[in-house]
Amino acid sequence: MAVRVHLSSNLRGPTGGVAEVEADGSTVGALIDDLDRRYPGLGDALRAGVSVVIDGLLIAHPEYEPLADGGRIYFVPQTAGGSSHA
Amino acid sequence: MTVTEPKPSYKYVGTRPVRHDGLEKVTGRARFAADLNMSGQIHGIVVRSPHAHARIVSIDTSEAEAMPGVKAVITGDDFPAVEPGHRQYDMCINVIARDKVFYEGHALAAVAASTRDQAQAAAAAVKVTYEVLPAVLTIEAAMAPDAPVLHAHMMTAGADPPAEQPSNISNVTRFSSGELDSGFAQADLVIEREFTTQPVHQGYIEPHACVADTGQDGHTTIWCSSQGHFSVRSSTATLLGWENTRIRVIPAEIGGGFGGKTTIYLEPLAVALSAKAGRPVKMVMTRDEVFRATGPAPGTKLRIKLGAKSDGSLVAGDAYLIYTNGAYTGSGGLLGAMTVFESYKIPNFEIEALDVVINTARSAAYRAPAAPLTAFAMETMLDEIATDLGIDPIDLRIQNAVTEGDPSTMGFPFARIGFVECLEAVRDHPNYKAPLGPNQGRGVAAGYWFNIGESSSATVNLNEDGTATVVTGSPDIGGSRASMALMAAEELGIDVHDIRPVVGDTEAVGFTDTTEGSRATFATGMAVVEACRRMVVELRGRAAKMMGVDIDDVDWVDGQAVYTGSDDEKAPLSVAEITAKAKRTGGPLTATGSLEAHGAGPGFAVHVCDLEVDPETGVVRVVRYTASQDAGTAIHPSYVEGQIHGGVAQGIGWALNEEYIYDSDGVMENPSFLDYRVPVASDLPMIDAIIVEVPNPAHPYGVRGVGETGIVPPIPAVANAIHSATGCRIRDLPMSPVRVLGAITSNGGSNGA
Amino acid sequence: MSRVHVTCTINGDPAEFLCDGGQTLLDALRDEVGLTGAKEGCGTGDCGACSVVMDGRLLCSCLVLAPEAEGTTISTVEGMASGDDLHPLQQCFLEGAALQCGVCTPGFLVAARALLDRNPDPDETEIRYGLAGNLCRCTGYDKIVRAVQAAATEITAINES
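Residue numbers (my numbering), protein chains in the order written: chain A, 1 to 86; chain B, 87 to 839; chain C, 840 to 1000.
Just so you know, the hints here were simulated from the structure itself, not pulled from any lab data.
Please note: incorrect hints may appear among the correct ones.
[Unchecked claim] Per label pair, the in silico range of CB-to-CB distance: (1) B:Ala249 / A:Glu20: 43 to 51 Å; (2) B:Asp641 / A:Arg37: 51 to 59 Å; (3) B:Pro433 / A:Glu63: 32 to 40 Å; (4) A:Glu63 / B:Thr473: 48 to 56 Å; (5) B:Asp749 / A:Gly17: 43 to 51 Å; (6) C:Arg842 / B:Glu593: 38 to 46 Å; (7) C:Gly860 / B:Gly171: 50 to 58 Å; (8) B:Gly828 / A:Asp33: 56 to 64 Å; (9) B:Thr650 / A:Glu63: 40 to 48 Å; (10) A:Glu63 / C:Leu902: 55 to 63 Å; (11) A:Glu20 / B:Gln272: 19 to 27 Å; (12) B:Asn549 / C:Tyr968: 41 to 49 Å; (13) B:Leu109 / C:Glu907: 28 to 36 Å; (14) B:Arg173 / A:Glu20: 31 to 39 Å.
Beta carbons: idealized from backbone N, C-alpha and C, even for Gly.
Isolated chain A (complex conformation) (with noise of 0.2 Å):
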């Protein structure tokens, strides 16, 4: 399943500041599998804790999200609103 995936500034070191790249995936946990194959590490950044906005809305913890074919999908920092420790 080819998946648009964008991804946040802070996110681009793997893919060499790259902020568009397509990978394949049917969940959003299969899609860091494969996005850390085609560029190394990204997997471990990705993993340590992101959020994804998929067809408008923030999913916090996405990892089973389920993606559609020609989807497009955005990883964030993950934030925890006022529980932030700011």
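Model the placement of chains B and C on the given structure of chain A, informed by the hints.
Then chains B and C, alone, in the frame of chain A:
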């Protein structure tokens, strides 16, 4: 006043019933944590460090243990060791110090005795030998090349290239988009400004308090004041090395939190003392302890450069943000980076944000953490640009405001948001054109907070008489119980006062994340709606049985089961008629909803502050205040207004008065409400709250969280109004009389526009 | 240390309690008498959450020693309602959503009643200065001021009828 776009007509949502917990609170019967007393209870007192930075050489508790009435003394040695890298390392060594103390007021031992006086005397008799270390008290000192390093293990996270030496910089966050140089090359106007701000306290009126009762079976019950009792349970368990199931946490009424009661301080100490003494232990902080040892919001140094074309469009932004989170790792920098440019379309930007540790109390969340400070910088600079380019400040913001589909700082497109609507609501309000008197000025500023979802659970129980009890796991810090009841009333068709909203303890309701991130009415509300919708299916099924028809031929309309089939007409059945026969149709009627809520809609707010500056004294008096905010849908408009009012008042205090003041050794010099002055009634005017309703598509009623955004715009709104009144730009907080007077008398210089 | 025996009138009823000589009236009300409506927000007379009226005078009970209550008449938030009838201030606070967390509310109600006893028709400024000894961190005071205005109107109407 409410500005709305077309929405469904609701019977209960949007009305203003008397809150369900109100009667207890106006009669003095509401039970806050410090009001609770258990049979056989003794009293715990914390021993705190007088030094801002010291190694603990030894702690001698023998004299204290021998004193009258003393039942237990504990130190860090009574808790499992924690090592750097532990998931909650900072929290653990903050609740009770191990080998080092990191700020004045840091807890390092605790004593329990029959009376509070006895415990205080014994606490004073705990002998601690310190090796005093140099205290690092400012951002500059912490970042100096030869600075003493607070935490030997602290390697800057996010550093590129990776850090090779430990330092006092805990994190670096970077975001960027476009090409900064070419962006600034397009600009007709470029300004660069620096700002400094001091830590401030949430200032909840109720000090932290708890009672813990540990039984011989090794299980404990904690009654406490907290924004999240499930988090109290897990954090306490982590500190003690216990399983969660050994701890039950019962939330007391909470006397204000504002983010500061999302973490823990006393509970593990009370449990450990109780376990050692075999008695319930009550612990209540003094106000002095609250100031010295809990929750300040970060202080900052901020530097921002903005470029705009002569038509007002922003083309480039460069932000360098430094947050001090006290003595431990924090996320002020990340949140500052996420919020600084988020409200505006800026095609080319770079953001670098640092979190720095210093020898002051561990910071805690405070309403829209970090955002009021980035707004202070960004929104005062926009005011400068508007002035320089001769553009109305609201028009400048409308021109640059993000709308649906625009990319956020992190790249994803915004869903439906109400920023422009908030700007228009203020622009069209008569207050925006109200005449100003001598020495008066008007300031406009906007604010943003992203809000969060997280996990919530709710249970709806129908009672035998047709009334309902709605149990959730969200402590109610500002009227959320009324919101839960209103949404349940709308779903079930039961009168809102026939619904009893209850906050259940950790063993009475499903897991629920802390009341934070403006999530209770949004996320827990979704769980309530889910539970109610399941209940309606159940009610239709029971009614179908009673009518002897198929469930598909029964609808739920206005709180009644209505037969829609083609057979003979059947009388509708009310909830009470169905519950009265529950034993014959399948037993008690109960339904739950549990979910991880996605799609918390961002909140925007736009404020206009009118104030008067006394040119002789520099005293600033706010004379008129207008605040619009997008609530999505206001479930209980009075409490939405209340959240806006409260945020405004706190923001004005932050702007004009509030700051932590330390002496050269890092001892806090103003740890009382006399010296740390929060706004009183005579400091403030009425606050005109304008609720804007641009429904959040992710919530069944369109709710956006409203608890936090209101504190974001006031600081820059006040600063811009001071400029309007005096011609002076003040870029350091607080804008106290001495600072305002200094700016007026030396107009020009660093404070000039 | 022998304890001090105090006899006084609390919310219209005769009351007796034992206290330590150094105990505050606030602690005695809460711990000895069992009236926990008055709260300790600061213990230094800065927040007003412990407001009570003693012999007609509004004061912070954290600044009064319990033995000083001997022979006095004290009223607290628990005495404001008569039976099931709430005091107009209590009713107006409820209807006007003039409380959020509610921990300052008892002090505000006691202070507002003392204000209206002194000045039955205060303007906004008089209300704001009259309640300046009470801190609220939730409401921004807006709805509190409005509730006191509404209660003043209601009390005046009751007294005139």
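Tested hints:
1. B:Ala249 / A:Glu20: 43 to 51 Å: Since Ala249 of chain B and Glu20 of chain A have Cβ atoms about 29 Å apart, the given range 43 to 51 Å is violated.
2. B:Asp641 / A:Arg37: 51 to 59 Å: holds, 52 Å
3. B:Pro433 / A:Glu63: 32 to 40 Å: holds, 33 Å
4. A:Glu63 / B:Thr473: 48 to 56 Å: holds, 49 Å
5. B:Asp749 / A:Gly17: 43 to 51 Å: holds, 47 Å
6. C:Arg842 / B:Glu593: 38 to 46 Å: Distance hint for Arg842 of chain C, Glu593 of chain B holds at roughly 40 Å.
7. C:Gly860 / B:Gly171: 50 to 58 Å: At roughly 53 Å between Cβ atoms, Gly171 of chain B and Gly860 of chain C fall inside 50 to 58 Å, so the hint holds.
8. B:Gly828 / A:Asp33: 56 to 64 Å: holds, 60 Å
9. B:Thr650 / A:Glu63: 40 to 48 Å: holds, 43 Å
10. A:Glu63 / C:Leu902: 55 to 63 Å: Between Glu63 of chain A and Leu902 of chain C, where Cβ atoms are some 57 Å apart, the hint holds.
11. A:Glu20 / B:Gln272: 19 to 27 Å: holds, 24 Å
12. B:Asn549 / C:Tyr968: 41 to 49 Å: Roughly 48 Å apart at Cβ, these two residues keep to the hinted range, so it holds.
13. B:Leu109 / C:Glu907: 28 to 36 Å: holds, 32 Å
14. B:Arg173 / A:Glu20: 31 to 39 Å: holds, 33 Å
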